[in-house]
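K.L.:
Sequence:
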Amino acid sequence: MYLRRTAAKDWLISDALSEYKVAYKGNEGVDALNLDLKQILKNSTQEIKIKMAKKLLAELNVIKGDDSRSSSYEIKNNTIYGHQIFGSANHLNIEGRGESDTEKHRRKKAKKVNKLDKINDFSKTETEGDDDDDITSTDALEEEIEFGAEDDDNIDFTSDLDDVDALDSSISFRKCAYKYYYCLEKKKEVGLLPTIAHTLLEETGDHAPLDRYTLKILDKWEAKENVDADEQQYLRLSMSRIIDTMNKRNPILQLIGEAKLNEYRQKLKKEDLNLPSTISDFINSFNKQVKDENEKDLMLFIMQAKLGAWTRNNEDLKKVIEIYEYLVVNLAELKNINKTYSELQCFFPAYHILSILFRDTNIKIVIGEKGCDTSKNARKINEQCFTLKKPTNVRGRKLDLMLVYDDIVLCSAEWKSMASSRAVIMKQFVKNLRVNNCILHELREHLDDDNTIILGMDWKGTNNSLNTISHLFRYLNIHFLFLFSFLGLLGYSYCMKVIDKVVVVKETCKLFLPQDKCEFEDFFDTVASLVQFKAHYVDMTKKLKVKISKHRRDRFYDEQFNITPTNSRSPSPHTFFTPKRPTTARQHEE
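Per the numbering used here, the very first residue in the sequence shown carries number 5; after that it's consecutive.
In case anyone wonders, no lab produced these hints; they're calculated from the structure.
Bear in mind the structure is a predicted one, so any value in this text is a computation, not a measurement.
Misleading hints may appear alongside valid ones.
Okay, derived cross-link-like pairs now, DMTMM-like style, lysine to aspartate or glutamate, Cα gap no bigger than 25 Å in a straight line [as the list claims (entries may be wrong)]: (1) K310 with D320; (2) K322 with D452; (3) K295 with E523; (4) K13 with E23; (5) K546 with D558; (6) K374 with E523; (7) K192 with E226; (8) K505 with D223; (9) K546 with E449; (10) K192 with D210; (11) K55 with D301; (12) K339 with D301; (13) K549 with D529; (14) K384 with E319; (15) K46 with E32; (16) K190 with D234; (17) K58 with D35; (18) K310 with D452; (19) K295 with D526; (20) K271 with D529; (21) K273 with E511; (22) K271 with D285; (23) K547 with E449; (24) K547 with E319; (25) K224 with E206; (26) K546 with E347.
Simulated restraints on C-beta separations [stated by the list, open to error]: (27) G312 with K252: 19 to 29 Å; (28) K292 with R426: 40 to 50 Å; (29) K384 with K220: 25 to 35 Å.
Idealized CB from N, CA, C, for every residue including glycine.
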């Protein structure tokens with residue numbers, strides 16, 4: 005029979021029903037298939053068979069339930085009585101010949117649907133600095149995926165569920181959830197996608213609460229209920245398997261539970277903020293001078309300290325003194341930063357300090373809205389999940405700042421002006437977390453190390469709420485990622501760590517840039533964080549250099565001597581980005 009001679013990963017409900025119908029006649033075929041699938045669940049020890057049997061049973065139950073008033077299941081020309089199958093018959097797109105109870109329910113709520121469609125249209129809720137996925141409005145057109153004249157109305161949303169990644173049910177769930185999202189945003193029929201997604205949902209594992217939240221919001225959206233702006237952003241994080249513990253309003257934290265959160269906190273131990281004695285001595289002396297001396301005498305002290313650092317050729321000390329000099333000279337300007345300042349003016353203090361830190365290193369600071377190939381690769385994988393087509397004209401996210409080493413993106417950076425709204429700020433923050441996740445996965449590939457960790461910095465500029473100015477990432481031997489976020493000139497640091505199949509984000513300490521002389525006394529921890537940030541980044545490039553050289557040699561031998569290329573990981577979605585609309589449609593809308 006079909007279930008015995010066909011590999012489990014290739015089982016399709018339509019093929020199974022067709023064969024059982026011929027073998028058993030009439031409804032007996034449906035009953036026989038139902039019985040055989042239950043026997044597999046009872047007796048089989050193979051995970052793939054158990055999973056596929058559950059999936060086929062769920063599809064069979066839906067078909068039987070929707071057509072319970074009929075006593076026959078006639079199958080002719082790929083048609084089940086009462087339902088027409090579209091695509092590859094996994095029954096994800098099923099159109100009823102008659103009107104089912106579900107369709108009646110939807111028809112009765114037509115007016116409510118039309119109203120809430122506008123509310124729940126995730127692609128049209130972007131405000132300042134955003135397109136579908138939070139890129140700036142000036143770049144939105146260039147960021148779109150150009151589908152051209154292709155018609156995706158008859159896309160088969162099921163065949164990809166049974167590829168090699170189906171052996172990992174959590175990956176299959178993500179692909180299914182991504183397609184579910186795509187259908188909802190494009191206002192297409194979801195078919196059995198919700199049923200299959202619930203079937204593939206795992207009840208255990210660190211990712212389980214995130215996946216449950218994903219389905220909760222997608223089901224709410226599918227039922228045409230109001231999904232607010234915050235839920236949209238939390239959904240994007242949950243679909244990317246990112247746990248943000250900094251935001252106490254995050255509803256996912258309640259699903260995880262305090263016990264598990266405490267376990268995460270124990271695994272995310274912050275690094276001690278120590279500095280070399282030469283730098284500590286300078287800071288202590290400066291703090292004494294800044295209280296008693298006028299600006300002229302303070303600058304003379306700084307110049308003398310700088311001369312001593314050059315005499316000893318102490319690079320880190322020279323850079324720390326230069327940072328202090330910049331802050332003292334520009335103290336009045338820093339104090340005046342307000343809502344009237346542009347994004348560039350808000351970013352400049354952070355950019356200037358970073359330029360000092362990374363001077364004379366092999367790390368380039370790239371600014372000016374350049375496309376990030378790391379996010380481009382992630383978006384390609386996403387589009388394959390959404391449409392099952394080979395993606396074309398996919399462009400990387402344009403970013404305000406990137407750190408790059410040997411054409412490898414080490415970090416991304418974005419910022420907004422202080423006048424940005426809370427909604428824009430949250431969207432930008434969520435976007436940056438996801439871009440950073442892409443960078444982490446890319447570095448894992450380059451370093452061929454699943455334990456790869458990155459260190460980062462996130463500056464934010466706003467008056468009373470979070471707003472991202474920049475994200476800077478780097479590889480570490482320790483097992484967590486540090487980031488720094490600023491509200492105007494105030495901020496905090498937080499770390500990210502991959503734990504099993506999720507990325508956990510946790511706040512670690514408070515940071516700031518001085519706006520008054522009296523504030524320098526508390527500036528030590530911020531300086532220590534900056535120095536460690538630069539040191540770890542330089543250390544990371546050394547590790548990358550070794551790996552890059554090896555990869556280049558391997559590629560040379562593969563190309564010259566036809567050696568079978570080394571196996572690469574099967575691409576699977578790791579970071580969620582919303583599907584893009586056709587360029588022509590976007591032009592019309594704008």
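K.L.:
Now look at each hint and say whether the structure bears it out.
P.N.:
Hints, one by one, checked against the model:
1. K310 with D320: Holds, at roughly 11 Å.
2. K322 with D452: violated, 35 Å
3. K295 with E523: Between K295 and E523 the Cα gap is close to 10 Å, so the pair holds against 25 Å.
4. K13 with E23: Answer holds: K13 to E23 is near 17 Å, not above 25 Å.
5. K546 with D558: Distance ~19 Å between K546 and D558 Cα, so the pair holds.
6. K374 with E523: violated, 36 Å
7. K192 with E226: holds, 10 Å
8. K505 with D223: It holds: about 23 Å lies between the C-alpha atoms, which stays within 25 Å.
9. K546 with E449: OK: K546 and E449 at ~16 Å, within 25 Å.
10. K192 with D210: violated, 31 Å
11. K55 with D301: Judged against 25 Å, a Cα distance of about 75 Å means the pair is violated.
12. K339 with D301: holds, 21 Å
13. K549 with D529: Answer violated: K549 to D529 is near 30 Å, above 25 Å.
14. K384 with E319: violated, 42 Å
15. K46 with E32: holds, 21 Å
16. K190 with D234: Holds: K190 and D234 sit about 20 Å apart, inside 25 Å.
17. K58 with D35: holds, 15 Å
18. K310 with D452: Outside the cut-off at roughly 42 Å; violated.
19. K295 with D526: Roughly 13 Å between the alpha carbons, so the hint for K295 and D526 holds.
20. K271 with D529: With Cα atoms ~22 Å apart, K271 and D529 stay inside 25 Å; holds.
21. K273 with E511: holds, 10 Å
22. K271 with D285: Violated, because 33 Å separates the two Cα atoms, which is more than 25 Å.
23. K547 with E449: Holds, because 13 Å separates the two Cα atoms, which is no more than 25 Å.
24. K547 with E319: Holds, at about 21 Å.
25. K224 with E206: OK: K224 and E206 at ~20 Å, within 25 Å.
26. K546 with E347: The given pair, whose Cα atoms are some 33 Å apart, is violated under the 25 Å limit.
27. G312 with K252: 19 to 29 Å: Violated - the Cβ-Cβ distance for G312 and K252, about 46 Å, lies outside 19 to 29 Å.
28. K292 with R426: 40 to 50 Å: holds, 41 Å
29. K384 with K220: 25 to 35 Å: Check passed, 28 Å falls within 25 to 35 Å.
Violated hints, listed in ascending order, are 2, 6, 10, 11, 13, 14, 18, 22, 26 and 27; each of the other numbered hints is respected by the structure.
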